[in-house]
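Enquirer: Please dock the two separately framed chains into a single complex, following the hints provided.
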Amino acid sequence: EAAVTQSPRNKVAVTGGKVTLSCNQTNNHNNMYWYRQDTGHGLRLIHYSYGAGSTEKGDIPDGYKASRPSQENFSLILELATPSQTSVYFCASGDRGTLYFGAGTRLSVL
Amino acid sequence: GDSVTQTEGLVTLTKGLPVMLNCTYQTTYSPFLFWYVQHLNEAPKLLLKSSTDNKRTEHQGFYATLHKSSSSFHLQKSSVQLSDSALYFCALRDTNAYKVIFGKGTHLHVLP
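So the protein sequences, as listed, match chains A and B.
If you read the first sequence in the numbering used here, its first letter stands for residue 1, the second for the next number, and so on.
If you read the second sequence in the numbering used here, its first letter stands for residue 1, the second for the next number, and so on.
If you are wondering where the hints come from, they were derived from the structure by calculation, not from laboratory data.
A virtual CB, placed ideally from N, CA and C, is assigned to each residue, including glycine.
Careful, some of the hints might be misleading.
[Unchecked claim] Below are the DSBU-like pairs computed for lysine-lysine, each with C-alpha atoms no more than 35 Å apart in a straight line: (1) K65/A / K77/B; (2) K77/B / K11/A; (3) K57/A / K49/B; (4) K77/B / K15/B; (5) K104/B / K65/A; (6) K65/A / K49/B; (7) K68/B / K11/A; (8) K18/A / K77/B; (9) K65/A / K18/A; (10) K11/A / K45/B.
[What the hints assert, rightly or not] Computed Cβ-Cβ distance ranges for the label pairs, DEER-style: (11) K68/B / K18/A: 41 to 49 Å; (12) R56/B / K65/A: 17 to 25 Å; (13) R56/B / N10/A: 39 to 47 Å; (14) D38/A / D2/B: 14 to 22 Å; (15) R9/A / S51/B: 32 to 40 Å.
Okay, chain B solo, but in the shape it has when bound (with noise of 0.2 Å):
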């Protein structure tokens, strides 16, 4: 079935460096990725979302490119702020629309 990998858990970094969280995925047919953020304490948000091969979408500073040739959608951001502290998600719409499977998460920590 379909699934979603994030494989760090936990990333820390000092304010200002750039951060890349990554994500891949597996399914059997045309992919639709998401990232969504949560912060502590609140529900989790959409930041962006990509079917397109190749094309690089943003939002809020962060941005991601989905790639088919390696199932990879990965999140980045050239300079991360104390803000972005949260917990980010990926995940894949299922192939009917309906089903939205969620990897793991990725605990942002960012240092002053």
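Here chain A stands alone, though its shape is the one from the complex (with noise of 0.2 Å):
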């Protein structure tokens, strides 16, 4: 069984409008993270965690919230999407370095 679920797995937004990306995984990890990934600039980190509660900035965090409500689920939120957002986001949790992904959401701004 999947042990990181993002949710929704495709979705498709409007420039402008607000968009939540969910994360929940069953590893008991402190730390989770959103990573996005775009062709020939591989995986960016954006947000991370070391628990509940906590989200620190990562490299490319500009446009995007995150919330650490409980050890399961982080969430990332973009207030005011834009076109330029459209990628494919990764969520993980880990265990110092060792990331355990999930499947993927595909988000489109149009």
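Expert: Structural data, given as structure tokens:
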């Protein structure tokens, strides 16, 4: 069974709209991460968390917010979506650098 | 800050040949390096990891040795298979053990 579950798997949003990507993990890991994957850029870290209630900025946080209300859940929020945020988003939970990824969310902003 | 460099964007070779994918890193502190593999339309998965200098680590026929003197952690395999076609990422764990930084990835394309 999947230990990191992302929802939705696919999302089409309008420019200026609000988008929330959700992630749930059953690994009981303290650390959780949001990455986006784009051709030529690899995996870029948006936000991460080292426990419930904490969020930290990654390398490309502009335009994104994160929320970690519990050990299990970590959300990525796009308050005002833009076409440049069209991408594949991966959530991961981790233990000292070993990451376990969800299946990804494909987001298109039109 | 910390960084990871993968110099090849695409490596194409014929089945049965050896391969080496390059990875170099930059960090001020003690490094912990990883290789992740991502097959088409799948999520990345851990392939192997190491923090021990000059010790070879192996998994599923792939191997790598962390060389702190040259800040390198190259991924190798002696004989590639068609199923090895995938995107390979080198990654570095931040010194505080929370942040994990990835390189841009190398596509390995194995021909029959």
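Enquirer: If a hint holds in the structure, say so; if it doesn't, say that too.
Expert: Hint check results:
Proposed proximity of K65/A and K77/B is contradicted: the alpha carbons are some 40 Å apart, above 35 Å. Straight-line distance between C-alpha atoms of K77/B and K11/A comes to about 38 Å, which puts the hinted pair past the 35 Å bound. The straight-line distance between the Cα atoms of K57/A and K49/B is roughly 25 Å, inside the 35 Å bound, and the hint therefore holds. A hinted pair counts as satisfied when its Cα atoms are at most 35 Å apart, and K77/B with K15/B qualifies at roughly 11 Å.
For the suggested pair K104/B and K65/A, the alpha carbons sit about 24 Å apart, so the restraint of at most 35 Å is met. Our distance criterion of 35 Å between C-alpha atoms is met by K65/A and K49/B, whose separation comes to about 30 Å. Proximity of K68/B to K11/A is assessed by CA-CA distance (about 43 Å); at most 35 Å being required, the pair is judged violated. Distance restraint check for K18/A and K77/B: the Cα-Cα separation of roughly 45 Å exceeds the 35 Å cut-off, and the hinted pair is therefore not satisfied.
Of the pairs offered as hints, the one joining K65/A and K18/A holds, with about 11 Å between alpha carbons and a cut-off of 35 Å not exceeded. Restraint check for K11/A and K45/B: the C-alpha separation of about 24 Å stays at or below 35 Å, so the hint holds. The supplied range of 41 to 49 Å is met by K68/B and K18/A, whose beta-carbon atoms lie about 46 Å from each other. A hinted range of 17 to 25 Å is violated for the C-beta pair R56/B and K65/A, which are about 43 Å apart.
The hinted range of 39 to 47 Å is satisfied by R56/B and N10/A, whose Cβ atoms lie roughly 41 Å apart. Between D38/A and D2/B the CB atoms are about 21 Å apart, so this pair conforms to the stated range of 14 to 22 Å. A beta carbon spacing of about 35 Å between R9/A and S51/B agrees with the range 32 to 40 Å that was offered as a hint.
Checked against the numbered hints above, the structure violates hints 1, 2, 7, 8, 12; every other hint is satisfied.
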